[in-house]
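Asker: First to last, the protein sequences are chains A and B.
Just so we're aligned, residue 2 is where the first sequence starts under the working numbering, counting upward by one.
Just so we're aligned, residue 16 is where the second sequence starts under the working numbering, counting upward by one.
Among the hints, erroneous ones may be present.
[What the hints assert, rightly or not] Cross-link-like lysine to any residue pairs, in silico, SDA-like; alpha carbons within 25 angstroms at most:
(1) B/Lys41 with A/Leu28
(2) A/Lys100 with B/Phe108
(3) B/Lys24 with B/Gln71
(4) A/Lys4 with B/Ala17
(5) A/Lys4 with A/Lys19
(6) B/Lys87 with B/Asp66
(7) A/Lys100 with B/Ser32
(8) A/Lys19 with A/Lys75
(9) A/Lys19 with B/Ser32
(10) A/Lys119 with B/Arg27
(11) B/Lys63 with A/Leu124
(12) A/Lys91 with A/Ala36
(13) B/Lys41 with A/Phe132
(14) B/Lys24 with B/Gln56
(15) A/Lys112 with A/Met2
(16) B/Lys103 with A/Lys106
(17) B/Lys62 with A/Asp118
(18) A/Lys119 with B/Val65
(19) A/Lys101 with B/Asn84
(20) B/Lys24 with B/Asp91
(21) A/Lys19 with B/Lys103
(22) B/Lys103 with A/Leu28
(23) A/Lys19 with B/Pro30
(24) B/Lys63 with B/Phe94
(25) A/Lys4 with A/Pro85
(26) A/Lys97 with B/Ser32
(27) B/Lys63 with A/Asp118
(28) A/Lys91 with B/Leu19
(29) B/Lys24 with A/Lys112
(30) A/Lys101 with B/Ala40
(31) B/Lys41 with B/His75
(32) A/Lys112 with A/Gln80
[As the list claims (entries may be wrong)] The following residues of chain B were derived to be distant from chain A, with all beta-carbon distances above 10 angstroms:
(33) Arg27
(34) Ala61
(35) Lys62
(36) Ser64
(37) Asp66
(38) Gln71
(39) Leu76
(40) Ile86
The set of hints was computed from the structure by calculation and includes no laboratory data.
What you are looking at is a predicted structure, and each value in this text was computed from that prediction instead of being measured.
Don't be surprised by glycine CBs; every beta carbon is placed ideally from N, CA and C.
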Amino acid sequence: MTKRMLFILRSTPYASSKAQEGVDAVLAASVFDQAISVLFMDEGVWQLHNHQQSLGIKLESAQAAIESARKSRKNIAAQLESFPLYDITKIYVDRKSLKKFSIPKNELILKPTLASDKVIQNLIAENDIVFTY
Amino acid sequence: MATLHILSKPTREHPASRDCLRLLAKGDALLLIEDGVYLTQRNRLAKKSVDIFSLQHDLHLRGLSPLQNHIKIINDDEFVELCTQYDKIISWF
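Turn these sequences into a full structure, and let the hints guide you.
Answerer: Set out below in structure tokens:
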């Protein structure tokens with residue numbers, strides 16, 4: 002059964018595992034053919050910021066591989082850019098949060114729709130389930 | 016299609032509180048838990064059309080009683096019941 006799901010992503014990409022958990026949850030839901038909308042809010046808007054560098058280094062030994070895995074996190078932006086491949090195309094960003102962090106729209110990946118308070122209220126109202134990460 | 020918003024942060028200025036309070040819609044309810052119960056000490060938390068609840072245990076632990084009498088104090092059983100009464104629940108943390 003298809004449910005309409007809204008994911009509100011509010012965490013910065015690398016300080017904790019929350020952002021990664023959010024992305025994993027979105028992708029998992031998409032595999033089950035759910036109707037998904039994603040909203041980036043507050044510090045979560047930094048997940049959409051372009052030019053994030055994945056921390057992967059050239060590996061020369063197994064030891065280096067283990068060290069690298071421990072230190073590096075998967076590039077969140079690269080994972081977000083795969084969303085359209087999973088038919089996740091309803092992507093929104095909170096207008097006020099962008100303003101709060103002075104992020105111009107052209108520095109965002111995925112070309113999200115700018116959402117006002119009213120639009121966000123409607124998003125919450127029209128979805129069956131809301132998840133926050 | 017009303018929503019239950021669960022808030023656990025102690026100040027209005029916290030980003031989670033701000034985002035929660037600005038997105039409350041008519042008919043929604045606000046439940047204050049954990050440090051969120053400190054918000055019961057503030058005036059005019061939300062519009063009148065929004066019901067406000069606060070967890071008894073979390074208030075008691077912190078030695079608080081709500082300043083405004085329209086804030087309803089509920090126990091854990093009523094918390095569960097409240098969750099069943101709304102179409103969806105959003106946790107703000």
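Asker: A separate judgement is required for each hint: does it hold in the structure or not?
Answerer: Going down the list of hints, with the structure as the test:
1. B/Lys41 with A/Leu28: violated (32 angstroms)
2. A/Lys100 with B/Phe108: holds (21 angstroms)
3. B/Lys24 with B/Gln71: Holds, because 16 angstroms separates the two Cα atoms, which is no more than 25 angstroms.
4. A/Lys4 with B/Ala17: Status holds; Cα separation ~17 angstroms.
5. A/Lys4 with A/Lys19: holds (23 angstroms)
6. B/Lys87 with B/Asp66: Holds. B/Lys87 to B/Asp66 sits at ~8 angstroms (cutoff 25 angstroms).
7. A/Lys100 with B/Ser32: This hinted pair holds, its Cα atoms lying about 18 angstroms apart.
8. A/Lys19 with A/Lys75: Holds. A/Lys19 to A/Lys75 sits at ~13 angstroms (cutoff 25 angstroms).
9. A/Lys19 with B/Ser32: The given pair, whose Cα atoms are some 19 angstroms apart, holds under the 25 angstroms limit.
10. A/Lys119 with B/Arg27: Since the Cα atoms of A/Lys119 and B/Arg27 sit roughly 20 angstroms apart, the hinted pair holds (cutoff 25 angstroms).
11. B/Lys63 with A/Leu124: holds (22 angstroms)
12. A/Lys91 with A/Ala36: Since the Cα atoms of A/Lys91 and A/Ala36 sit roughly 9 angstroms apart, the hinted pair holds (cutoff 25 angstroms).
13. B/Lys41 with A/Phe132: Given pair B/Lys41, A/Phe132 holds - Cα atoms ~21 angstroms apart, limit 25 angstroms.
14. B/Lys24 with B/Gln56: holds (13 angstroms)
15. A/Lys112 with A/Met2: With Cα atoms ~29 angstroms apart, A/Lys112 and A/Met2 exceed 25 angstroms; violated.
16. B/Lys103 with A/Lys106: Violated - the C-alpha atoms of A/Lys106 and B/Lys103 are around 31 angstroms apart, more than 25 angstroms.
17. B/Lys62 with A/Asp118: holds (15 angstroms)
18. A/Lys119 with B/Val65: holds (17 angstroms)
19. A/Lys101 with B/Asn84: Given that 25 angstroms is the threshold and the Cα spacing comes to 34 angstroms, the pair is violated.
20. B/Lys24 with B/Asp91: holds (19 angstroms)
21. A/Lys19 with B/Lys103: holds (21 angstroms)
22. B/Lys103 with A/Leu28: holds (21 angstroms)
23. A/Lys19 with B/Pro30: It holds: about 16 angstroms lies between the C-alpha atoms, which stays within 25 angstroms.
24. B/Lys63 with B/Phe94: Given that 25 angstroms is the threshold and the Cα spacing comes to 21 angstroms, the pair holds.
25. A/Lys4 with A/Pro85: holds (19 angstroms)
26. A/Lys97 with B/Ser32: Measuring from Cα to Cα gives roughly 14 angstroms; hence the hint holds.
27. B/Lys63 with A/Asp118: holds (19 angstroms)
28. A/Lys91 with B/Leu19: Holds - the C-alpha atoms of B/Leu19 and A/Lys91 are around 24 angstroms apart, at most 25 angstroms.
29. B/Lys24 with A/Lys112: violated (32 angstroms)
30. A/Lys101 with B/Ala40: holds (22 angstroms)
31. B/Lys41 with B/His75: Violated, at about 29 angstroms.
32. A/Lys112 with A/Gln80: holds (15 angstroms)
33. Arg27: holds (15 angstroms)
34. Ala61: holds (14 angstroms)
35. Lys62: Its Cβ never comes within 10 angstroms of chain A, the nearest being 13 angstroms, so this holds.
36. Ser64: holds (13 angstroms)
37. Asp66: holds (17 angstroms)
38. Gln71: Per Cβ check, B/Gln71 is outside 10 angstroms of chain A; nearest 25 angstroms; holds.
39. Leu76: Its Cβ never comes within 10 angstroms of chain A, the nearest being 24 angstroms, so this holds.
40. Ile86: It holds; B/Ile86 is separated from chain A by about 23 angstroms at its closest Cβ, greater than 10 angstroms.
Hint check: violations occur at hints 1, 15, 16, 19, 29, 31; the rest are consistent with the structure.
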